[in-house]
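S.K.: Protein sequence lines correspond, in order, to chains A and B. Under our numbering, read the first sequence as residues 95 to 209, first letter to last. Under our numbering, read the second sequence as residues 240 to 353, first letter to last.
Keep in mind the hints are simulated off the structure, nothing from the lab. Some hints here could point you the wrong way.
To be verified - Restricting the straight-line Cα-Cα distance to at most 25 Å, the calculated cross-link-like pairs of lysine to any residue (SDA-like) are: (1) K252/B with G137/A; (2) K110/A with S155/A; (3) K164/A with E341/B; (4) K296/B with Y195/A; (5) K97/A with P300/B.
Unchecked claim - Restraint-style ranges between C-beta atoms, simulated for each label pair: (6) S290/B with V108/A: 43 to 53 Å; (7) V140/A with Q256/B: 31 to 41 Å; (8) G301/B with D112/A: 30 to 40 Å; (9) T292/B with S106/A: 44 to 54 Å; (10) S155/A with R312/B: 25 to 35 Å; (11) Y249/B with T124/A: 38 to 48 Å; (12) K164/A with K252/B: 41 to 51 Å; (13) Q151/A with Y340/B: 18 to 28 Å; (14) Y340/B with E150/A: 18 to 28 Å; (15) D112/A with S325/B: 19 to 29 Å; (16) R248/B with S106/A: 46 to 56 Å.
Quick caveat, the model's predicted, so the values are computed rather than measured. Ideal placement from N, C-alpha and C gives every residue a C-beta, glycine not left out.
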Amino acid sequence: AQKVTQAQTEISVVEKEDVTLDCVYETRDTTYYLFWYKQPPSGELVFLIRRNSFDEQNEISGRYSWNFQKSTSSFNFTITASQVVDSAVYFCALSGRDSNYQLIWGAGTKLIIKP
Amino acid sequence: KAGVTQTPRYLIKTRGQQVTLSCSPISGHRSVSWYQQTPGQGLQFLFEYFSETQRNKGNFPGRFSGRQFSNSRSEMNVSTLELGDSALYLCASSSLTGVNYEQYFGPGTRLTVT
Chain A
95 AQKVTQAQTE ISVVEKEDVT LDCVYETRDT TYYLFWYKQP PSGELVFLIR RNSFDEQNEI
155 SGRYSWNFQK STSSFNFTIT ASQVVDSAVY FCALSGRDSN YQLIWGAGTK LIIKP
Chain B
240 KAGVTQTPRY LIKTRGQQVT LSCSPISGHR SVSWYQQTPG QGLQFLFEYF SETQRNKGNF
300 PGRFSGRQFS NSRSEMNVST LELGDSALYL CASSSLTGVN YEQYFGPGTR LTVT
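With the hints as constraints, model all of the structure from the sequences given.
M.R.: So this is what it looks like as structure tokens:
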């Protein structure tokens, strides 16, 4: 069965520090999709990135970057020069045939950026 | 473009009652998915509708049901409410069917069952 583990329950850093959120997944599929979503205090989940299992290229979008490594079944997310507005709960999710194409969510990592 | 809207935003019900939640997707989106979020179980997929047809269903009891109308608006119904149904119910829309695509979420309906 598919599983997503976000071992970091809560991370607290001072503004401008870099921070990495870990995501480790388990699946028997060879084709699957990985996602990151952000949930600010308002409650709305905001899509950040989608990656399919055949695309191991790392992605950078402004201060955000993602490191996908199939060898270690990890899809980590790094925020460079963090800002207070980055404070939120971040979720990693996985979808594939093994989960009947339903999103399997990690427990989330609460990120606190202190000014 | 208006985002996903959910009504009501907050709801308090008592055990045994039933409740109906509404979701209006982004204009042009035909897929609507529903999720339950609780502190204990986290985020769990309930079901997905596309063009008025249920395409996928999560592992929830039959008390949880939904439907989608021809204008893509969707409703979710929970009958015979239990205390454990207290949760944030999130709706998400997408232009394509299936959860493998980018989904846009609404602010959620917070349901409290007493």
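S.K.: For K296/B and Y195/A, compute the direct alpha-carbon distance and say whether it is at most 25 Å.
M.R.: holds, 10 Å
S.K.: Should the hint that S290/B and V108/A are 43 to 53 Å apart at their CB atoms be regarded as holding?
M.R.: The hint (43 to 53 Å, Cβ to Cβ) holds, given that S290/B and V108/A are roughly 49 Å apart.
S.K.: With 19 to 29 Å as the target window, see if D112/A and S325/B comply at their CB atoms.
M.R.: violated, 38 Å
S.K.: A range of 38 to 48 Å was offered for this pair. Does it hold for the Cβ distance of Y249/B and T124/A?
M.R.: At 44 Å between Cβs, range holds.
S.K.: Given the hint that K252/B pairs with G137/A, test it: the Cα-Cα distance must not exceed 25 Å.
M.R.: holds, 21 Å
S.K.: Between the beta carbons of Y340/B and E150/A, is the distance compatible with 18 to 28 Å?
M.R.: Cβ of Y340/B to Cβ of E150/A: about 20 Å, so the range 18 to 28 Å holds.
S.K.: Does the Cβ-Cβ separation between G301/B and D112/A fall within 30 to 40 Å?
M.R.: Hint violated: Cβ distance 48 Å, outside 30 to 40 Å.
S.K.: Between T292/B and S106/A, does the beta-carbon spacing fit 44 to 54 Å?
M.R.: holds, 45 Å
S.K.: Is it true that the C-beta distance of S155/A to R312/B lies inside 25 to 35 Å, as the hint says?
M.R.: holds, 32 Å
S.K.: With respect to the beta-carbon atoms only, verify the hint that R248/B and S106/A lie 46 to 56 Å apart.
M.R.: violated, 29 Å
S.K.: Taking the Cβ atom of Q151/A and the Cβ atom of Y340/B, is their distance within the range 18 to 28 Å?
M.R.: Given about 19 Å between the Cβ atoms, the range holds.
S.K.: Starting from the range 31 to 41 Å, see whether the pair V140/A and Q256/B falls in it by beta-carbon distance.
M.R.: Distance hint for V140/A, Q256/B holds at roughly 32 Å.
When each numbered hint is compared with the structure, violations occur for hints 8, 15 and 16.
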